[in-house]
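Asker: Below, each chain spelled out in residue letters.
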Amino acid sequence: MTWLETLRTGGRAILTHRLRSSLTVLGILIGIAAVMLTVGLGEGAQQQVNAEVSSLGSNLLIVSPGSSTSTAGVRGGLGSASTLTVQDADALESHVVAPDVAAVAPTVSRSETLVAGTATWTTTVVGTTPSWLGVRARTVAEGRFLTAADVRTGAAVTVLAPTTAQELFGLRDPVGQTVDVGGTPLTVVGVLTSAGSTATSNLDDQAIVPITTAARSIFGGTSRDQVQEILLEATSPSTLSAAYQEADTELLALHGITTPAAADFTISSQQQLLTTASSVDRTLTVLLGGIAAISLLVGGIGVMNIMLVSVTERVREIGLRKALGATPALIRKQFLVEASLLGLVGGVLGVVLGIVGSVVLPPLVHDPIALSASATAGSIGVAVVLGIAFGVYPASRAARLAPIDALRSE
Amino acid sequence: MSAAQDPVDAGEPTGLLVDALPAPVVPVIELDDVRKTYRSGELAVDALRGVSLVVEGGEYVAVMGPSGSGKSTLMHILGCLDVPTSGTYRLAGEAVDRMGEEELAHVRNRRIGFVFQQFNLLPSLSALDNVALPLVYADVERSRRTERARASLERVGLGNRLTHRPGELSGGQQQRVAVARALVTEPDLILADEPTGNLDSTSASDVMALIGEVHASGRTVVLITHDRDVAEAAERTVHLLDGQVSSTGVAGTPANRPGGEPRG
Ligand SMILES: Nc1ncnc2c1ncn2[C@@H]1O[C@H](COP(=O)(O)OP(=O)(O)O)[C@@H](O)[C@H]1O
Ligand SMILES: Nc1ncnc2c1ncn2[C@@H]1O[C@H](COP(=O)(O)OP(=O)(O)O)[C@@H](O)[C@H]1O
Ligand SMILES: [Mg+2]
Ligand SMILES: [Mg+2]
Numbered sequence: 001m002t003w004l005e006t007l008r009t010g011g012r013a014i015l016t017h018r019l020r021s022s023l024t025v026l027g028i029l030i031g032i033a034a035v036m037l038t039v040g041l042g043e044g045a046q047q048q049v050n051a052e053v054s055s056l057g058s059n060l061l062i063v064s065p066g067s068s069t070s071t072a073g074v075r076g077g078l079g080s081a082s083t084l085t086v087q088d089a090d091a092l093e094s095h096v097v098a099p100d101v102a103a104v105a106p107t108v109s110r111s112e113t114l115v116a117g118t119a120t121w122t123t124t125v126v127g128t129t130p131s132w133l134g135v136r137a138r139t140v141a142e143g144r145f146l147t148a149a150d151v152r153t154g155a156a157v158t159v160l161a162p163t164t165a166q167e168l169f170g171l172r173d174p175v176g177q178t179v180d181v182g183g184t185p186l187t188v189v190g191v192l193t194s195a196g197s198t199a200t201s202n203l204d205d206q207a208i209v210p211i212t213t214a215a216r217s218i219f220g221g222t223s224r225d226q227v228q229e230i231l232l233e234a235t236s237p238s239t240l241s242a243a244y245q246e247a248d249t250e251l252l253a254l255h256g257i258t259t260p261a262a263a264d265f266t267i268s269s270q271q272q273l274l275t276t277a278s279s280v281d282r283t284l285t286v287l288l289g290g291i292a293a294i295s296l297l298v299g300g301i302g303v304m305n306i307m308l309v310s311v312t313e314r315v316r317e318i319g320l321r322k323a324l325g326a327t328p329a330l331i332r333k334q335f336l337v338e339a340s341l342l343g344l345v346g347g348v349l350g351v352v353l354g355i356v357g358s359v360v361l362p363p364l365v366h367d368p369i370a371l372s373a374s375a376t377a378g379s380i381g382v383a384v385v386l387g388i389a390f391g392v393y394p395a396s397r398a399a400r401l402a403p404i405d406a407l408r409s410e
Numbered sequence: 001m002s003a004a005q006d007p008v009d010a011g012e013p014t015g016l017l018v019d020a021l022p023a024p025v026v027p028v029i030e031l032d033d034v035r036k037t038y039r040s041g042e043l044a045v046d047a048l049r050g051v052s053l054v055v056e057g058g059e060y061v062a063v064m065g066p067s068g069s070g071k072s073t074l075m076h077i078l079g080c081l082d083v084p085t086s087g088t089y090r091l092a093g094e095a096v097d098r099m100g101e102e103e104l105a106h107v108r109n110r111r112i113g114f115v116f117q118q119f120n121l122l123p124s125l126s127a128l129d130n131v132a133l134p135l136v137y138a139d140v141e142r143s144r145r146t147e148r149a150r151a152s153l154e155r156v157g158l159g160n161r162l163t164h165r166p167g168e169l170s171g172g173q174q175q176r177v178a179v180a181r182a183l184v185t186e187p188d189l190i191l192a193d194e195p196t197g198n199l200d201s202t203s204a205s206d207v208m209a210l211i212g213e214v215h216a217s218g219r220t221v222v223l224i225t226h227d228r229d230v231a232e233a234a235e236r237t238v239h240l241l242d243g244q245v246s247s248t249g250v251a252g253t254p255a256n257r258p259g260g261e262p263r264g
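Just so you know, the protein sequences line up as chains A and B, in that order. Counting along the first sequence from 1, when you hit position 216 you're at 216 in this note's numbering, and nothing is skipped either side. Counting along the second sequence from 1, when you hit position 240 you're at 240 in this note's numbering, and nothing is skipped either side.
It should be emphasised that the hints constitute simulated quantities derived from the structure, not laboratory data. There could be a bad hint or two in this list.
Said to hold, decoys possible - No more than 25 Å apart at the CA atoms, straight line, and that leaves these computed lysine to any residue pairs for SDA-like: (1) A:Lys333 - A:Glu317; (2) A:Lys333 - B:Val107; (3) A:Lys333 - A:Thr2; (4) A:Lys333 - B:Pro123; (5) A:Lys333 - B:Ala138.
Claimed, not checked - So the derived label-pair ranges between C-beta atoms look like this: (6) A:Leu15 - B:Asp229: 41 to 49 Å; (7) B:Gly212 - A:Ser396: 41 to 49 Å; (8) A:Asp405 - B:Glu141: 31 to 39 Å; (9) A:Leu15 - B:Ser170: 44 to 52 Å.
As the list claims (entries may be wrong) - Covered stretches of chain B (chain A as the covering partner; in silico rule of three or more C-beta atoms under 8 Å from a C-beta of chain A): (10) 47 to 61; (11) 98 to 112; (12) 129 to 137.
Here a beta-carbon is modelled for each residue, glycine too, at the ideal position from N, C-alpha and C.
Let the sequences and hints guide you as you build the complete structure.
Answerer: Right, here's the structure in full:
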């Protein structure tokens, strides 16, 4: 008996028991679609994080106070004292000391309430230098950004992110207006273009001021030279690790620390953030995928159940086929082909449902779903393998039936 | 037997297996002291207790006996659906009593045609596909199968019922489909277990006439029946009692066997 013959017989048996076959296919179909969509959801989230992190600037290094090798906060964060200063930032600016560092932006930030006329809005006020714009990969939509002169003189100016501008001034043009921050009036000189939001902060809701203005007039405090973070931009992605080394060496020397393990600062890259974010997402993907895989397994057990019922119900048919010359191997083959056909049909329909779902669902759940070709092909493969795996036992049971017993049964 | 009758076998669609039989004339069935014991736990039932039987090619033998005498058990062994507990069984010269499942399947396919009391047609297949089924397992190619199945159905008078499902046929017609299926592989032996048991008298005589024709065309037929009138049609009757052959009545002499005479 040829494979084509066996396929035709299997196809006919499936069509003969339409309802039963449809229910089996439904089980597999739902399992496959669930796997595709949950894995796609995880993939989508990961791609989103990747895109987000690279939008922050791929050449970026962030120097923060505190040691990564000791308990966070013990060394660096004692009280409000930071171990990083404006002098550290100035030193890294030198092309001799750190030739691979293209730009340096020390920052201080704090939450403040801004007042413009009758409107008030609480947002993050960031004190920094003109380099911030390039280092953070931002652009100005209107007006101008901070200048070196603003920083030198401690000018009472600010550049607003779009949401902040919108909240304070509505439809009016913010440039040239005045906002009041804790009693200090600042002139709005520019508005940034939108950059969206990350998981931790809204990039479109902040007010940028010269670092000197922040330290002297707005935040005050004891040590005006302290900064919270120093953002460094490497000259290119390939010089990122060289820039890291130079900054590390220079800062250790400036702080008079001889053993790197005792460092009172930490330098991190976006790559590290990306890795952390990805691993969180991967855990989620695995978890969701696991749940979906269980539903697929349930679908497979459904196939086995149907095939077992099918064997029991078709004992006479099996007996007759054997009496007419079907060998046990042929009977086994016939039931296996039936089971894998069910798996294949369920798999293909499941993939179709998955693709439809990936188009229909994202607008509803506000999350992107990324389907991959390999995951799709894999799903169909899994469905067929499930069909075969769960068809083996019923098939061998059918093959073992003695022809007379089978023929005698009613 | 076959060597003698074949040249005049013009009425048959094909005669492949009959032609292929070896030249030395061997009986189709040789049973020697066959015993069959069914065991279920402590209980053992001796269904056959030393049956010896020889059926020559072209013979028409009826097996009679009361219920429980072992007729069906004998039929299963003759049909290679079951193997004896002891004793030997040679089918057309081949020892089949110790064959494995795989080989028995081939023997059933090539050498034996079954006609059952309950017809045993597959309800989802058309008459044509039901008749073609044994040829599927004989690896006959598709177009050839259809051709042979159609010829076989025409031979039993159902050339106009090819696409009917069993459910759309009367009992007598279903049994004729079963006879067509038994004939389609050109087997050495036609085995019929109470083929008229589920039929009204008119259909029964139709089917008996058909089996008579099958025999007349040179086939060996073994028929199991309760009915004395049905057994009458056979040349020879074997009586079973308690798993043993009690008597062998000869309805006709071997000389007037149709196999020995020219037919047209
Ligand atoms: N599968 C079986 N298991 C146990 N006993 C059986 C089985 N088949 C038949 N028998 C017994 O063997 C004896 C002969 O049965 P059977 O060949 O069916 O007789 P018949 O066809 O002449 O009525 C009976 O006593 C029956 O009960
Ligand atoms: N459901 C059906 N579809 C098509 N043909 C049918 C159906 N039922 C019966 N026939 C045909 O009608 C005829 C008479 O059938 P039925 O009355 O069953 O015969 P019987 O007299 O032997 O009982 C038969 O030739 C049969 O093939
Ligand atoms: Mg019986
Ligand atoms: Mg009727």
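Asker: Among the hints numbered above, which are violated by the structure, and what are their numbers in rising order?
Answerer: As far as the earlier hints go, 9, 10 are violated by this structure, in ascending order.
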